[in-house]
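Novice: Can you make the complete structure from the sequences, with help from the hints?
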Amino acid sequence: MQPADLSATDIVAAIRQGDLTAVQCVEAFLDRIARLDGSLNAFLHVDRDGALATAAAIDARRKAGRPLGALAGLPVAVKDALCTADLPTTCASRMLAGFRPPYDADTVVRLRAADAVIVGKTNMDEFAMGGSNENSAFGPVRNPWDPARAPGGSSGGSAACVAADMAPVAIGSDTGGSIRQPAGLCGITGLKPTYGRVSRRGLVAFASSLDQIGPMARSAADCALVLETIAGHDPGDSTSLADVVPRYTELLEQPLTGLRIGRVRDHYADGLDPEVRRGVDEAFAVFEAAGATVHDVELPHAKYGVATYYLIAPCEASSNLARYDGAHYGHRAKPGEGHRAESGGRRFESPLVEMYCRSRGEGFGPEVKRRIMLGTYALSAGYYDAYYAKALKVRRLIRQDYLDAFQKVDLIGGPVSATPAFRLGEKTGDPLAMYLVDLYTVATNLAGVGGISFPCGFTKGGLPIGFQLQGPALAEPLLLRAADRFQRLTEWHVRRPERIA
Amino acid sequence: MTASAATSEPYTTVIGLEVHVQLQTRTKLFCGCSTRFGAAPNTQVCPVCLGLPGSLPVMNRTAFTLALKAALALGCRIAAFTKWDRKNYFYPDLPKGYQISQYDLPFSSDGHLEVTDPKGGFVRNVGIVRVHLEEDAGKSMHDEAAGTADSRIDLNRAGTPLCEIVTQPDLRSPQEARAWLNELKLLLVYLGVSDCNMQEGSLRVDANVNLHIPQPDGRIAKTPIVEIKNMNSFRSVERALAYEAVRQYDEWQATKAELGTTPKQTRGWDDPAGVTRAQRHKEESSDYRYFPDPDLVPVTVDERQLAEVRASMGEPPAVLRGTLAAKWRISPYDADVLVNQGRDIVAYFEDVATRVGEGKVASNWLQQDVLRTLNERGESIDAFPVRPEALADLIGRVQKGEFDTSRGREIFAEMLASGRSVADVVASLGIAVVDDADLVALCRELLAENPKIVADVRGGKEQAAAGLIGQAKKKNPNVNPAKVRQTCLELIRAM
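Residue numbers (my numbering), protein chains in the order written: chain Y, 6 to 506; chain W, 163 to 657.
Take these hints with a grain of salt, some might be off.
Simulated pairs of lysine to any residue, SDA-like, Cα-Cα distance not exceeding 20 Å [to be verified]: (1) Y:LYS339 x W:ARG314; (2) W:LYS522 x W:GLY504; (3) Y:LYS339 x W:SER313; (4) W:LYS249 x Y:TYR392.
Hints listed in this document are in silico derivations from the structure and should not be mistaken for laboratory results.
Specialist: Rendered as structure tokens:
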């Protein structure tokens with residue numbers, strides 16, 4: 006039995022039944038990481054020893070007949086934006102190179118309590134800012150379907166490692182599409198839950214009102230399995246939801262008869278790649294064949310989503326990232342020549358200011374700096390009302406659009422991104438073009454609702470095409486059920502990149 | 163300088179205060195760390211108050227309730243909906259790079275607190291602009307000027323709940339400012355909101371001051387507003403304001419500079435030198451880029467919650483003064499003295515007065531004996547060796563005439579020194595209570611020995627009886643002089 010060929014659900018069952026040991030399973034994935042990740046660069050840290058020790062302990066517990074957690078022995082890769090007390094947490098930034106948090110993120114606590122085995126931390130865009138993974142300070146991740154292409158981002162490492170079977174499931178985070186877009190470009194399934202469904206405690210903040218942790222896996226059923234463990238109220242996160250967590254895995258069976266899926270006309274505007282369009286249309290047809298009906302709906306303000314997002318997210322980020330000042334932890338510039346020193350023609354008013362400026366100047370990459378500057382500017386006196394306050398108003402309108410749409414339909418379908426995976430370097434010179442990769446995903450975060458993306462076809466060149474479903478608040482059971490039904494009727498999600506397999 | 167002297171000055175001093183008080187909570191505003199003062203540096207910290215990546219704040223309900231108490235006692239309007247904002251600035255004692263505070267929707271506003279000079283000098287109702295909650299920063303000790311020395315940062319204080327109280331510019335003299343601060347402190351200590359200990363930094367005051375100078379043409383010239391910082395006691399607030407008023411008047415005479423012509427100046431009080439000094443204008447145009455903290459949810463307050471807080475407040479000092487005066491028939495001045503000593507003294511007083519059955523005598527003993535002793539010893543009432551029941555016993559015996567007040571004081575001193583009861587002290591000092599039969603026998607003896615005095619008294623000179631007291635004391639030191647006098651007079655009348 007090859008663990009890499011099994012679903013997460015099957016792996017957990019096989020280990021529970023004794024058909025597979027946790028050590029065998031973890032070793033198999035670690036071997037794939039060792040073989041493949043040199044070229045893909047999906048991992049920033051691999052915890053071979055720790056993972057094997059954890060797996061061995063689980064096997065021993067099983068042998069002794071002691072109870073095991075719901076994910077016992079399941080290898081999980083965790084985005085490097087989540088704090089892990091035993092592994093470095095860098096957010097792919099020089100600023101946090103080598104940083105080890107003294108605590109585990111709530112999601113990590115829940116994974117460990119369920120006896121999942123954390124195999125490593127995945128590469129990402131620095132501080133989750135980006136849509137291609139090219140903003141990592143530790144090199145870009147390569148798309149397993151075509152190593153010359155980007156895996157998407159910011160959870161590119163998590164998407165690529167699942168696509169390349171280096172882990173059966175991974176944890177990502179999604180602020181404007183950072184789970185769904187790379188999942189789409191890498192041909193896997195990724196769920197961004199409703200804001201507050203999964204605790205943000207221990208997720209290094211990018212934009213607090215938009216950030217949400219979610220599962221990435223090869224199927225909706227596997228996402229359901231992981232979400233069951235990581236979702237739930239956390240008294241340590243004031244914005245986490247108190248609603249009871251459903252048994253997502255047990256809610257997949259019901260057919261889709263009568264399900265109303267909305268189609269947004271604006272999604273078919275210029276710029277949508279014809280092959281992506283074809284894949285999306287075929288996906289709608291699959292849903293119709295499964296008993297669902299498709300209806301045109303409007304999200305009139307969604308076209309302002311990217312503009313709104315690129316005000317709110319940088320504003321919050323400029324404040325969230327102020328703590329990386331070199332004073333307490335993380336990168337600190339080597340002492341200069343005191344206040345007499347000049348750098349780039351700049352005189353510093355004090356050694357303290359010099360330390361701040363140089364530490365942040367050296368520690369952050371260009372995209373992070375760009376967003377900090379955008380946010381700082383937009384929050385400044387005299388600009389606040391024109392930018393941040395106005396963006397909040399548009400955000401409310403977008404939220405209302407969704408509430409209105411979900412009066413008419415149960416879910417909204419459409420493309421995840423306008424094109425399949427683009428070439429590395431293709432958009433790096435044009436930040437605005439890069440920001441448009443979030444076109445179809447940012448509104449979900451602005452509205453605070455959930456969305457799932459999964460493969461719905463391939464281009465002639467062999468690149469995955471992603472389909473996205475968005476649902477009302479706390480509609481995760483429906484999102485997962487619809488995606489799972491689609492995956493029972495199609496086989497796109499079981500395809501593997503040939504170069505890797 | 164007295165209030166009447168102030169009115170003779172050619173200007174009016176206009177003062178507004180900004181007071182920060184640390185709330186008396188066990189734990190910090192947004193995490194579970196202890197707020198105890200004086201622990202070893204950086205031992206009361208966690209990922210939240212250290213501002214570590216991924217950490218999230220969770221509001222401390224107790225802190226919010228205490229802040230509500232303070233605001234209600236200050237007569238503030240309580241907002242039904244309040245939110246948290248981030249105040250962004252870089253400083254090493256601010257580990258997140260922002261302070262969680264309240265900007266445009268503070269939880270309370272529009273209150274007032276009146277202060278009355280018990281000597282009748284002034285009555286001033288001071289408006290409160292707003293009271294809001296925020297987290298404290300840590301402490302840094304550094305030597306930036308030297309350019310080489312390391313800075314040290316202690317984050318134990320970071321995240322401690324602070325209430326910021328901002329007054330209207332309603333105060334009109336340094337004395338009023340000091341008296342008002344005393345009243346505010348008294349109120350907050352009564353409520354159990356804060357210990358208001360300035361030495362430990364749990365109460366901090368900044369003052370805004372300028373002068374209104376009437377001009378010959380009837381116009382009022384206003385001097386630029388100066389903010390004074392670094393005042394470590396209420397006394398230094400008063401001194402700094404007095405100094406600053408004179409300084410501003412001198413400057414105005416020299417420059418005629420008026421409000422609005424120069425940026426607001428910040429000056430630091432140099433206590434030993436007794437002067438204010440201009441501080442560097444480093445954050446003259448600081449832009450804190452306030453915005454709502456997305457990590458925290460807005461707080462709503464309903465009537466039920468307010469009723470609960472009100473019910474737990476007890477009488478504020480201003481009300482208690484009237485209540486005490488009326489209930490125990492003591493003067494407003496006496497009530498003021500007692501109330502200003504704090505809730506524990508008032509409780510002690512009421513306990514004694516209840517046992518004695520009278521307020522005035524209890525108040526006298528409190529003020530003349532108990533408070534004086536506490537002052538001398540620098541002690542607080544809860545550690546006072548003479549408990550209310552013992553003092554009431556002593557006062558009762560003096561009232562019954564078992565011994566006179568001066569002998570009572572001797573007994574009090576001994577009770578204080580030994581912690582023993584009245585009865586024990588009386589026994590140990592060899593003070594035998596003289597019973598009435600013995601006293602009458604002693605008086606008869608005295609009258610027999612002093613026919614001249616008897617004749618004088620019978621002739622209408624009652625004061626001649628005083629001559630008997632000294633002799634009585636020689637015969638028995640335990641006799642009560644007043645009783646001797648009274649008994650002798652009765653015996654003479656009966657002759």
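Novice: Against this structure, judge whether each hint is valid.
Specialist: Hint by hint, here is what the structure shows:
A C-alpha spacing of about 18 Å is found between Y:LYS339 and W:ARG314, which places the hinted pair at or below 20 Å, so the restraint holds. About 19 Å separates the Cα atoms of W:LYS522 and W:GLY504, which keeps this hinted pair within 20 Å; it holds. About 16 Å separates the Cα atoms of Y:LYS339 and W:SER313, which keeps this hinted pair within 20 Å; it holds. A distance of roughly 18 Å separates the Cα atoms of W:LYS249 and Y:TYR392; the hinted pair therefore holds under the 20 Å criterion.
The structure shown violates none of the earlier numbered hints.
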